[in-house]
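Visitor: Spelled out from the first residue to the last, the chains are:
Number of protein chains: 2
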Amino acid sequence: MANEKIPYKIYLEESEMPKAWYNIKADMKKKPAPLLNPATGKPMTAEELSAVFCDELVAQELDEENAYIEIPEEIRDFYKMYRPAPLVRAYCLEKKLGTPAKIYYKFEGNNTSGSHKLNSAIAQAYYAKKQGLKGVTTETGAGQWGTALSMACSYFDLDCKVFMVKCSYEQKPFRREVMRTYGASVTPSPSTETEVGKKILKEHPGTSGSLGCAISEAVETAVSNDGYRYVLGSVLSQVLLHQSVIGLETKTALDKYGIKPDIIIGCAGGGSNLGGLIAPFMGEKLRGEADYRIIAVEPASCPSLTRGVYAYDFCDTGMVCPLSKMYTLGSDFIPSANHAGGLRYHGMSSVLSELYDQGLMEATSVKQTEVFEAAEYFARIEGILPAPESSHAIRVAIDEALKCKQTGEEKTIVFGLTGTGYFDMVAYEKFHDGIMEDYIPTDEELEIYRKKLPKIG
Amino acid sequence: MANEKIPYKIYLEESEMPKAWYNIKADMKKKPAPLLNPATGKPMTAEELSAVFCDELVAQELDEENAYIEIPEEIRDFYKMYRPAPLVRAYCLEKKLGTPAKIYYKFEGNNTSGSHKLNSAIAQAYYAKKQGLKGVTTETGAGQWGTALSMACSYFDLDCKVFMVKCSYEQKPFRREVMRTYGASVTPSPSTETEVGKKILKEHPGTSGSLGCAISEAVETAVSNDGYRYVLGSVLSQVLLHQSVIGLETKTALDKYGIKPDIIIGCAGGGSNLGGLIAPFMGEKLRGEADYRIIAVEPASCPSLTRGVYAYDFCDTGMVCPLSKMYTLGSDFIPSANHAGGLRYHGMSSVLSELYDQGLMEATSVKQTEVFEAAEYFARIEGILPAPESSHAIRVAIDEALKCKQTGEEKTIVFGLTGTGYFDMVAYEKFHDGIMEDYIPTDEELEIYRKKLPKIG
Chain A
1 MANEKIPYKI YLEESEMPKA WYNIKADMKK KPAPLLNPAT GKPMTAEELS
51 AVFCDELVAQ ELDEENAYIE IPEEIRDFYK MYRPAPLVRA YCLEKKLGTP
101 AKIYYKFEGN NTSGSHKLNS AIAQAYYAKK QGLKGVTTET GAGQWGTALS
151 MACSYFDLDC KVFMVKCSYE QKPFRREVMR TYGASVTPSP STETEVGKKI
201 LKEHPGTSGS LGCAISEAVE TAVSNDGYRY VLGSVLSQVL LHQSVIGLET
251 KTALDKYGIK PDIIIGCAGG GSNLGGLIAP FMGEKLRGEA DYRIIAVEPA
301 SCPSLTRGVY AYDFCDTGMV CPLSKMYTLG SDFIPSANHA GGLRYHGMSS
351 VLSELYDQGL MEATSVKQTE VFEAAEYFAR IEGILPAPES SHAIRVAIDE
401 ALKCKQTGEE KTIVFGLTGT GYFDMVAYEK FHDGIMEDYI PTDEELEIYR
451 KKLPKIG
Chain B
1 MANEKIPYKI YLEESEMPKA WYNIKADMKK KPAPLLNPAT GKPMTAEELS
51 AVFCDELVAQ ELDEENAYIE IPEEIRDFYK MYRPAPLVRA YCLEKKLGTP
101 AKIYYKFEGN NTSGSHKLNS AIAQAYYAKK QGLKGVTTET GAGQWGTALS
151 MACSYFDLDC KVFMVKCSYE QKPFRREVMR TYGASVTPSP STETEVGKKI
201 LKEHPGTSGS LGCAISEAVE TAVSNDGYRY VLGSVLSQVL LHQSVIGLET
251 KTALDKYGIK PDIIIGCAGG GSNLGGLIAP FMGEKLRGEA DYRIIAVEPA
301 SCPSLTRGVY AYDFCDTGMV CPLSKMYTLG SDFIPSANHA GGLRYHGMSS
351 VLSELYDQGL MEATSVKQTE VFEAAEYFAR IEGILPAPES SHAIRVAIDE
401 ALKCKQTGEE KTIVFGLTGT GYFDMVAYEK FHDGIMEDYI PTDEELEIYR
451 KKLPKIG
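These protein sequences, in sequence, are chains A and B.
Residue 1 is where the first sequence starts when you use our numbering, and the numbers rise one by one after that.
Residue 1 is where the second sequence starts when you use our numbering, and the numbers rise one by one after that.
Check before you lean on any hint, since a few could be wrong.
Stated by the list, open to error - Straight-line Cα separation of at most 25 Å, DSS-like style, residue types lysine-lysine; simulated pairs:
| # | chain 1 | residue 1 | chain 2 | residue 2 |
| --- | --- | --- | --- | --- |
| 1 | A | LYS95 | B | LYS130 |
| 2 | A | LYS260 | A | LYS430 |
| 3 | A | LYS80 | B | LYS166 |
| 4 | A | LYS260 | B | LYS256 |
| 5 | B | LYS5 | A | LYS256 |
| 6 | A | LYS96 | B | LYS129 |
| 7 | A | LYS95 | B | LYS19 |
| 8 | A | LYS9 | B | LYS102 |
Simulated from the structure, these hints should not be mistaken for laboratory data.
Model the full structure from these sequences, guided by the hints.
Guide: The structure is reproduced here in structure tokens:
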């Protein structure tokens with residue numbers, strides 16, 4: 001089909017949807033460093049992990065051998081309700097920019113969770129149900145993950161307890177209400193429902209919360225209640241595994257039309273979207289079959305890849321989770337409250353951290369006012385009002401397309417449009433009113449948190 | 001493809017998308033009654049109408065001859081950004097209900113306006129641009145139409161002035177912010193910006209506004225400003241014409257798999273979605289080629305078809321618009337403020353009114369608590385959180401499917417899922433908190449407004 005006119009939206013047939021997830025660790029010669037038990041300093045065993053996580057998910061977390069892991073039929077059926085996600089050719093954006101570049105985006109926002117998060121939520125809920133659990137606990141920041149998990153738990157009739165970062169809980173009452181529609185219980189974090197929550201409240205009264213803190217509360221709640229486990233929407237290898245469905249669909253759609261991307265761009269908070277989007281392309285790169293420029297885009301206010309250090313750190317503020325080797329700003333780091341939207345996590349997926357450390361991908365950071373400029377521009381041209389997170393990728397995709405305009409190069413750019421911004425209108429309002437501020441931590445600030453990193457590894 | 005397994009979502013190819021709209025009036029033996037000039041009592045001429053509406057849209061409004069009207073390429077290109085809309089087989093809903101019925105829904109919510117309204121907005125903006133106008137004015141109730149028009153105007157670089165029913169303006173600040181993202185100006189109605197607004201405010205201080213009142217303000221603003229015209233998101237024949245794209249896509253998708261629906265269900269406020277969805281099916285019915293049960297679902301709080309009278313009435317509260325023969329509750333009728341969402345219009349499309357009067361379709365009304373029960377049930381099973389308006393159709397589709405369960409009939413039900421409820425979480429919250437009330441006007445109340453109907457026709 002190489003010479004066929006490429007449609008505005010490439011939809012795969014149901015029969016072309018992936019039947020297995022792709023596990024990039026199988027193709028990495030140098031594997032990511034293992035999770036460590038903070039008490040012993042030794043790699044976490046499956047048994048230790050299964051106190052916190054579902055058994056099958058623990059197996060996926062530790063799997064470094066199998067490149068493909070079959071997607072159970074029940075999950076594939078659920079995927080069919082909202083997938084395949086369209087790969088969109090941004091004809092209107094290209095025309096408006098006057099660029100010779102060809103721009104594509106994989107749009108993951110056509111479902112009620114509003115983002116790609118549902119891809120992993122349904123998988124994690126499925127394995128929890130299969131294990132006969134009563135329910136799961138989790139944290140949510142911007143709210144996409146909590147919404148996605150609520151939907152997934154409702155589908156499998158599982159109890160769902162969400163700790164929502166307090167500032168989001170207050171700024172986004174409608175997100176909370178969507179979770180409630182799906183039967184989840186939502187608690188602002190830090191809360192007095194957990195020991196770690198009480199401790200954090202005592203040490204930082206008036207705190208607006210953080211992802212790291214909400215994680216600690218969710219983990220504590222899971223391990224202290226029978227029949228519950230903790231689930232996480234990003235960072236972990238299992239999440240990147242499930243999210244590989246994004247990249248696999250993207251690659252199949254591109255291959256169908258004989259398109260080879262030059263640049264692949266994704267926003268990066270904990271790494272769930274970026275890791276999923278790039279998975280099969282990075283796989284080709286690792287196997288020496290093809291080369292691509294891969295760019296992670298993070299907020300200047302929370303720059304773990306571009307300004308963090310590659311070291312073992314806690315995944316959560318309360319230090320109840322295993323240690324992970326990753327690019328990190330320190331588990332106490334919390335971006336300024338004026339930062340809108342997600343991508344507020346202090347660390348980064350260990351898989352992506354290792355790939356970045358090996359020089360297999362680039363990273364860049366952007367300021368949020370530049371991000372919202374790109375978001376509004378994109379909304380007016382391509383119709384979709386994007387999530388602040390996704391708009392980080394839009395910003396850099398536009399910048400790369402404008403470089404092509406200068407050089408005349410006809411590069412093919414693919415970026416991940418992870419979701420919609422319908423629950424982020426408070427942030428858009430600030431932007432329209434001209435009162436949105438940029439926050440960039442100083443080196444001195446970052447140094448404070450860096451000094452507190454655990455001395456391991 | 002008749003024996004092929006039907007996918008969860010049927011997406012047409014771009015090449016299968018309609019190239020012409022279908023004008024049902026051409027196939028009606030008895031045509032809808034003409035719009036009348038309230039001053040003379042005579043049919044409105046094209047010249048008279050063109051003071052208010054764009055020339056090309058006036059021609060479409062009056063066209064009773066041409067069954068097909070070509071969709072200009074620019075509009076088809078815009079359609080390709082968010083269409084074709086999927087026709088979804090509700091496998092999960094069928095299974096949960098345990099019904100032998102086969103349920104399909106045409107989902108129009110996969111665009112930032114959140115509804116089908118964009119189909120007509122882009123057409124009306126296109127013709128305004130083509131005529132060299134500076135901008136357009138309109139009203140919006142629940143906000144979908146205003147958002148859709150803002151998006152369309154932004155695409156064609158037209159000025160867009162929206163009068164938003166005051167209670168919606170206050171309840172839905174985020175809808176307003178989306179319109180602002182697309183560069184529209186939004187004024188709560190009634191306002192002091194127009195003579196008619198000032199008059200209504202004087203007569204009804206503290207009013208929460210109505211669609212009829214906002215229409216009057218928008219029309220006044222259009223006719224008193226050079227280079228502006230008024231555009232309307234429902235009721236008019238031109239809108240039903242543009243919305244026929246919904247039904248045409250639905251029919252093509254069904255035909256592709258050899259499916260013949262038994263029942264077609266749509267919610268009805270002014271009639272834009274229902275008229276569009278049923279158009280080609282009703283066309284077959286009018287030409288004696290096929291038969292279908294067609295059901296209009298309206299709110300019990302605003303029951304124009306089921307409890308109104310078929311008579312000439314004003315389209316707006318301020319009586320500045322032409323008179324239309326339609327099922328109406330009287331142009332002063334305003335549903336109780338406790339009614340959530342749209343479908344608050346006092347009248348009904350003259351085309352649908354005439355078809356209903358000829359016995360070619362049925363109508364039923366449902367209470368809003370029943371509607372939200374259906375909405376939540378549907379959200380949990382099919383994943384999509386529906387708009388309150390769309391949920392009227394869901395309610396009746398579920399009821400019809402449950403009847404099939406009792407009788408064992410394998411009927412095929414198609415309903416219109418017009419949009420998503422992401423900006424309606426205040427209403428969902430009321431429902432969850434158990435404080436949502438039902439409002440059904442008494443016969444005495446309706447009689448008050450009925451007596452005020454103009455004595456014409």
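Visitor: Given the hint that LYS95(A) pairs with LYS130(B), does the C-alpha gap stay at or below 25 Å?
Guide: Holds, because 20 Å separates the two Cα atoms, which is no more than 25 Å.
Visitor: Is it true that the CA of LYS260(A) sits at most 25 Å from the CA of LYS256(B)?
Guide: Outside the cut-off at roughly 32 Å; violated.
Visitor: Given the hinted pair LYS80(A) and LYS166(B), is their Cα-Cα distance within 25 Å?
Guide: 40 Å, violated
Visitor: For a C-alpha distance cap of 25 Å, please report whether LYS9(A) and LYS102(B) respect it.
Guide: 28 Å, violated
Visitor: Holds or violated: LYS95(A) with LYS19(B), Cα cutoff 25 Å?
Guide: The given pair, whose Cα atoms are some 23 Å apart, holds under the 25 Å limit.
Visitor: Measure nothing beyond the straight line between the CA atoms of LYS96(A) and LYS129(B); if it is 25 Å or shorter, mark the hint as holding.
Guide: 18 Å, holds
Visitor: Are LYS260(A) and LYS430(A) close enough, with their CA atoms no more than 25 Å apart?
Guide: 39 Å, violated
Visitor: Within 25 Å, alpha carbon to alpha carbon, are LYS5(B) and LYS256(A)?
Guide: 23 Å, holds
The structure does not agree with the numbered hints 2, 3, 4 and 8 stated previously, though it agrees with the rest.
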